[in-house]
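For the record, in the sequence shown the residue sitting at position 41 is 34 according to the working numbering, with numbers rising by one throughout.
You may find that some hints are simply not true.
Cross-link-like lysine to any residue pairs, in silico, SDA-like; alpha carbons within 20 Å at most [as the list claims (entries may be wrong)]:
| no. | residue 1 | residue 2 |
| --- | --- | --- |
| 1 | K79 | M35 |
| 2 | K45 | E70 |
| 3 | K79 | L181 |
Beta-carbon label-pair distances, calculated as ranges [as the list claims (entries may be wrong)]:
| no. | residue 1 | residue 2 | range |
| --- | --- | --- | --- |
| 4 | L73 | S136 | 29 to 35 Å |
| 5 | G55 | G239 | 40 to 46 Å |
| 6 | E238 | D169 | 20 to 26 Å |
| 7 | R115 | G239 | 16 to 22 Å |
| 8 | L68 | S23 | 18 to 24 Å |
| 9 | M134 | A224 | 30 to 36 Å |
| 10 | E70 | L109 | 21 to 27 Å |
| 11 | G12 | S64 | 38 to 44 Å |
Calculated directly from the structure, the hints in this document are not laboratory data. Quick caveat: nothing in here was measured; it's all calculated off a predicted structure. Every residue gets a Cβ at the ideal spot worked out from N, C-alpha and C, and that includes glycine.
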Amino acid sequence: MTEHSAPMIEVRNLCYEVGDHRILHDISFSVARGEVFGVMGMSGSGKSTLLKILLGLLPVCGGEVLIQGQSIVGLAEGELMEVRAKMGMCFQYSALFDSMTVGDNVAFGLRRQGKLSEDEIRRRVIAHLEDVGLHGSPDRMPSELSGGMRKRVGIARALIMQPDILLYDEPSAGLDPIMAAVIDELVLEVTEKHSITSVVVTHEVEELFGISDRVMMIHEGRVVACDTPEALRAAPHPVVRQFVEGSTRGPIAV
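Using the sequences provided together with the hints, build the complete structure.
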């Protein structure tokens, strides 16, 4: 999946704090074009905060964040919007508008752009719903969908904007193991079919190891490891080892 080229995402010595409390300490990593890059860690470790920073939604107190070579730290909102237009976000609980049909949810971003006819928007909506395995669903309401189907609608809504980078926050949260595996496979399919660079944040180790080219672990706001899943399974770092083993043997002791 990974191609050798300039990084799509590069983070250098990133720090983030709220008040006097430092949330992220000296975070550095890069994500290659076409890579599925995983971020794991316990709840509260700063994983979801990192996604918001990549989108330019939170101000940092130090370091650099480059998206496709462009630094986003200190950009004005208008410039940030241009960067965000190249990125998509799949939220933990899908974040669908319950008062809108599935089709209207997926079409939301295109309608806001105001560049396409309604016929073309509907054509693209149907095509992207089919891409995620939801045939004949545009007129259904979110309340009629299962959790897994809502996740797929969220992915279709992000894909329709043709992003270069797709960020996933806990993509299988709340799903049974079978549906979680379906969503994992879908992440791989859309990454390859649409030549997208993906960043997947979750505390589900086996899920992440099954789909990621590389995985970074954040613990107490710091990077403690960043390597292939195979290397991390054999990692000597005690926190990494305990987290990986705890994913199948029970809760991690802290």
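Is 30 to 36 Å right for how far apart the beta carbons of M134 and A224 are? Distance hint for M134, A224 is violated at roughly 45 Å.
Is it true that the C-beta distance of E70 to L109 lies inside 21 to 27 Å, as the hint says? Holds, since E70 and L109 (Cβ atoms, about 25 Å apart) stay within the stated range.
CB-CB spacing for G239 and R115 relative to the 16 to 22 Å hint: violated (47 Å)
Outcome of range test on Cβ distance (G12, S64; 38 to 44 Å): Cβ of G12 to Cβ of S64: about 25 Å, so the range 38 to 44 Å is violated.
Using the beta carbons of G55 and G239, state whether their distance is inside 40 to 46 Å or not. Cβ of G55 to Cβ of G239: about 32 Å, so the range 40 to 46 Å is violated.
Are L73 and S136 spaced within 29 to 35 Å by their CB atoms? Hint holds: Cβ distance 33 Å, inside 29 to 35 Å.
20 Å limit on alpha-carbon distance, applied to hinted pair K79 and L181: The given pair, whose Cα atoms are some 19 Å apart, holds under the 20 Å limit.
State, for the Cβ atoms of L68 and S23, whether the hinted interval 18 to 24 Å holds or is violated. holds (20 Å)
Can you tell me whether the CB distance of E238 to D169 sits inside 20 to 26 Å? holds (23 Å)
With a cut-off of 20 Å on the C-alpha distance, tell me whether K79 and M35 pass. The given pair, whose Cα atoms are some 29 Å apart, is violated under the 20 Å limit.
Distance restraint between K45 and E70, which requires alpha-carbon spacing of 20 Å or less: Cα-Cα ~14 Å, so holds.
The earlier numbered hints that this structure contradicts are 1, 5, 7, 9, 11.
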